[in-house]
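Protein sequence lines, in the order shown, are assigned to chains A and B. Anchor point for the first sequence: position 127 equals 128 in my numbering, and the numbering is continuous, going up by one each time. Anchor point for the second sequence: position 18 equals 1095 in my numbering, and the numbering is continuous, going up by one each time.
These aren't lab readings, by the way, just hints derived from the structure by calculation. Mixed in with the good hints, there may be bad ones.
Said to hold, decoys possible - List time: in silico DSS-like cross-link candidates among lysine-lysine, alpha-carbon distance up to 27 Å:
#1 B/1150 with B/1178
#2 B/1150 with B/1118
#3 A/115 with A/91
#4 B/1150 with B/1173
#5 A/91 with B/1178
#6 B/1173 with B/1118
#7 B/1150 with A/115
#8 B/1118 with A/91
#9 A/115 with B/1178
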Amino acid sequence: MTLSSTGPAARNRTSAPAGNGSDGNHSSVVLGPRDRLVGLLYVEGDLRVVGTVEGELEVTGSVEIDDGGRVTGPVTAHDRLVVGRAGSLKGDVRVARLVVQDGATFIGNVSMGKAALDAPPKPVEAVKPVEAVKPAKAVEPVEAAKLQEAVTTPEPVKAVQPVKPVPPIQATKQADRKTQPPDRKRR
Amino acid sequence: MDVQEAVAESSHVASADDNGDGKRDGQRKFTMGPNDVLEGKLVYDGHVHVDGRAEGEFRVTGNLDVASGATAKILIEAANVTVKGVVEGSVAARDKLTLGKNARLSGDIVVRRLQIDDGASLNGHVRMGDFEQHGSGG
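Chain A extracted, bound-state conformation:
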């Protein structure tokens, strides 16, 4: 799932009671305590996470994770990332400024500075992995076709066995010997 605050859908996604809104190009998004996001969120503005996020966050402004907010996934904040004393973040971080309050939980790599922020691409790249999943499905039928071929190939091996016609020659000799006496008896 990909959300962008520039579209109206992004604002509708968050059911937080207050704090969400847009002031021109600057959005303020709040994921409330009962909100849950699984996927990717790009915000041109600020983001406050009090709920649960499993995925990737990229924010042009600041990100604040606090009051029970939990984020699992990479976070990019072009301004500041604050992990409050009641916040939890497990993921790699690329930020200009970082504040971790005593009591917060944080596990991940930290890259700070302009160089770290300039290198990464925007959510456009997040679309590519979705496309990359499709060819993975196409691989499955190919494997299935190989299985069908594998099933058909043993059959010609059995067809090679016609060499067996040789023993029937011996069998016929025996059969002749065996069959002759009864015929004579019958006759």
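Guided by the hints, dock chain B onto chain A, whose structure is given.
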């Protein structure tokens, strides 16, 4: 446990026992001055204040703090670590690591608690929770 290995190039490096700074929490304190240089491995039973320039490996039973203006290329293991200067190397804080607003830390850290003040710089991997000591004991 006492200072087992240390190579110091300084006339100011002194422990609290010698210079009368007084014990902190009943523990001795090893204090470096802004012009001091310490290169090597230091295992110290007490607190350590790092200033000037330090290179090597510091294992401390108490707290270790790196002063503003100090430059350290060291592996740190201590109960509480406070960085206000520049540190390049891994840090293991058995309890808490604090990065002051002017701190610059490049290296991996293992901590139980972490506090990073606004303005501090950190590049490295952070792991919180169960504390594991670094390989060589010293």
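Results of checking the hints against the structure:
As the CA atoms of residue 1150 of chain B and residue 1178 of chain B are separated by approximately 19 Å, the hinted pair is consistent with the 27 Å bound. A threshold of 27 Å between alpha carbons decides the hint, and for residue 1150 of chain B with residue 1118 of chain B the separation of about 12 Å falls inside it, so the pair holds. The straight-line distance between the Cα atoms of residue 115 of chain A and residue 91 of chain A is roughly 22 Å, inside the 27 Å bound, and the hint therefore holds. In summary, the hint linking residue 1150 of chain B to residue 1173 of chain B is supported, as the alpha carbons are separated by about 20 Å, within the 27 Å threshold.
For the suggested pair residue 91 of chain A and residue 1178 of chain B, the alpha carbons sit about 23 Å apart, so the restraint of at most 27 Å is met. For the proposed pair residue 1173 of chain B and residue 1118 of chain B, the alpha carbon gap of about 22 Å is at most 27 Å, so the pair holds. Taking the CA atoms of residue 1150 of chain B and residue 115 of chain A, the gap is about 24 Å. The hint holds against a cut of 27 Å. Distance restraint check for residue 1118 of chain B and residue 91 of chain A: the Cα-Cα separation of roughly 33 Å exceeds the 27 Å cut-off, and the hinted pair is therefore not satisfied.
Distance check on the hinted pair: residue 115 of chain A and residue 1178 of chain B sit about 18 Å apart at the alpha-carbon level, within 27 Å; holds.
Violated hint: 8 only; the structure is consistent with all others.
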